[in-house]
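Trainee: Listed in order, the protein sequences are those of chains E and W. With our numbering applied, the first sequence has no gaps in its numbers, which climb one by one up to 393 at the end. With our numbering applied, the second sequence has no gaps in its numbers, which climb one by one up to 427 at the end.
Rather than coming from a laboratory, the hints here were simulated on the basis of the structure.
If you want the ones that stay clear, here's a sample from chain E, every Cβ over 10 Å from chain W, calculated:
# : residue
1 : Q91
2 : E265
3 : L360
4 : F387
Reference listing, derived: stretches of chain E covered by chain W, where coverage requires no fewer than 3 residues with Cβ under 8 Å from a Cβ of chain W:
# : stretch
5 : 157-165
6 : 231-238
7 : 314-328
8 : 339-350
Cβ atoms here follow ideal geometry from the backbone N, Cα and C, with glycine treated the same way.
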Amino acid sequence: MEQPLSGIKVVEIGGTIVAASATKQFTDFGAQVIKIDLPDGGEIRRTPPFYKDHPSLETGAFHVALDTGKKSIVIDHTSNSGKEVISRICQDSQLVIINLPVEETKKIIQLIDKELGPSTVAISPHGLEGPYSHRTENEMSIFAWTTRMERHGHDGSEPLRYGPHVADIQVGATAAAVGLSIIWGQDHDNIRRDVDLSSIEALAGNVDTGYVDWVLLGTQRKSGMGRNTDNYPIGIYECKDGYVMFAATLGPQFSRLCEAIGHPELVSDPRFNDPIEKSKHFEAFMKYLDPWLSIRTKKEVFKEMQEFRVMVAPVVNMSEVVEDEQAVARNSFVEIEHNQIGKTTIHGAPFKMDDSWKALPPPEFGVHTTEILKKLSYSKEEQIALFKIGAIR
Amino acid sequence: MAITMLNNLPLDTERCLALKDIKIIDFAEVFAAPFGISLMADMGAEVIKVESFPRRSLTRPISVDARVADGPGPAYEKTAPQTQGNRNKLFLSLNLNDKDGKEIFTRLIKWADIIIDGYAAGVIDKLGFSWEQIHKINKNINMISMPAWGVDGPYTGYTALGSLVEASSGHVITRGNSKKPTEDILGTIQTDASAPLEVMFATIASMYRKKETGNGSFIDLSHLEAFAWYLPGMLSEWEWNKRLPKQLGNEENDFVPHGCFVTSNPDEWVVIAAENDNQWQGLCKALLKENFAKIEHPWSSIIGRISNKTAINEWIQQEVQVMERSEIIDLLVKNNVITAPVINAPGLLTNEQLTSRNWWQSVDHKFLGNRLMSGFLWDIKPDKQKWYLPAGLLGEHNELILKNLGFSKNEIKKFNANQVIGNEYTQ
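Extracted from the complex, chain E is given alone in its bound form (with noise of 0.2 Å):
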């Protein structure tokens, strides 16, 4: 069986974590995607860690990660050589991807032949028109805009992004779902679809903001999710070895951890049935919660309370996570071969489909210019004036 995306044709420019997030899923489900690598190489490769710390264009763990299985070009998408070259790569795709900056993103889909080219979807952080469309922003800019950092941070102290470029990759999985979405539609309806994509406007219209719930109820609250001393228990709290994470406040889920802990009679008990009465009862229902989890680890806790249907979950880190025994028994992360650096594990398929997903190394650096340039019917005299020029390197 063929990958289901097998024959379909995308083209990344950009050389940010956000492109090569984008067709990422395209490749790793049977795409062919070529990779348009900035002449100094792109943030995508640029950015650490690095395998044993050494700075490299080919070993940055993002690069890793996010390019498999891409066809690579270098081109200087700035000169007018470099600009015919990409146009006829574009010219044989369904998709172009771009993140640039608006005015060379704006050159780029001039490019495109508007009858017959592909569609395109155009990254930028506040989109290709308006007022503030010509920001410098970065990662972070970009989520203080969307309400979410706001909420990430306790009253009077500084608010917080959340790890670095997981909102990076966010824009980029936004920009795969409706990229995928617009082929599928040109498939059907021969309408070539431009898509102009704010990555502020794909994070603020996610489901994970406190708009909806401003200006449907007019309260803002602080991330919903975080210890509370009030309505318990949710949030991290210690254990025997490290931390879990709890969501049951709610009646039965709070109901069944009381008969979890072994104290089924603390579901009738005045101090906690009643919600202002439990807000005053913290203290000392942690009387009974915490020697239980004193005794146990987290993966304890988190097995016993689930037997009991309690959410409950452990807090752990990169060493546990890869070891985790459903991630083993789920095959949740991978192996590829990596020229440089051999064996290395990165993460498996976002969604299994029978044996729809497959990941191959990245590529070297330009490794298939001549590949792609023979492909395209340039002569080997037209390659060698693109290479002199300094449109391809």
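Fit chain W to the supplied structure of chain E, relying on the hints for placement.
Mentor: Chain W only, in chain E's frame:
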């Protein structure tokens, strides 16, 4: 069965129709699945949402709680999660414990291209609709099941909300402020924002597969795995260099400044970053300290800035805390420095860019009235996305759907009388 139910409604014909030939059963309640399905409905997919009846859906409380808006009408028509994740769908309420209810569901399965099941593992099987049974009813149908940790493995049947899935990804422990206790790290529902995007990608990928094989596929979508791939840096840091990721807060290891600073109003923060020498020069110019960017000054190079991180952050904080937020942002934007206000929910409305792009969606709802809802995740040309149907009322499209599935008026009347379908919750 080729039925286009949406054709029976008076709809704007200019809406985006890229996915118009995809027919989806939304069998889900909370956040990720319903929202992912709305993203496809925005682009023209035809969606029927099947809601539990007469037992109420989790997102539809019958008494007023913290997530119910004020105003007339039953509580279950006015909750935030229900409203946010359910635009552009047709609503069917169905008793799946009833024989007739099962028959209706069977006909829907014959109609659909894909069923998206957002319940905990095993729920749909107990109703008599396991993947094997569904596939037997319609060999062309695709199905996504999406429990927190996936459909198999030792954690099968375990349940979670987004915050717990994230805890088991390795991300939670890296968030938060390193000077504060671990217990203070807040929970987030990040995985509820990443899973919908995979629901959408998986749906279209399964449509391509069906085109090739002529056979439906089953998709096992773990919320954890749908998010885990967002963390390649943390994974490789451990695999290659045997370092566990630290709580970086807002800092970066490889450039300075990159942080969040409080302005003259203690509730208003700004983020400021200079990723390269040019942006650093812009920052120094904006704050009238151009000599900090001259070659003879140690802070002019990335090396000097990294080794003087604390002093630089203190200098910026001193400058920022005597200025108003809008003043500092205007100044830094003019000098091409990375900056943004840390805004709260009403603050989103002050973003002139969103207004100029007509991002906000004015939505009329029978009980909520007119509300300005957040807009789409992307803008498409030439066919625009529209918010043409607000979250449906309970059972709002029951008759339309059943008629299109071939049931007679009398049968529909009987289903109503027998509580197979209905439009009011009492329990």
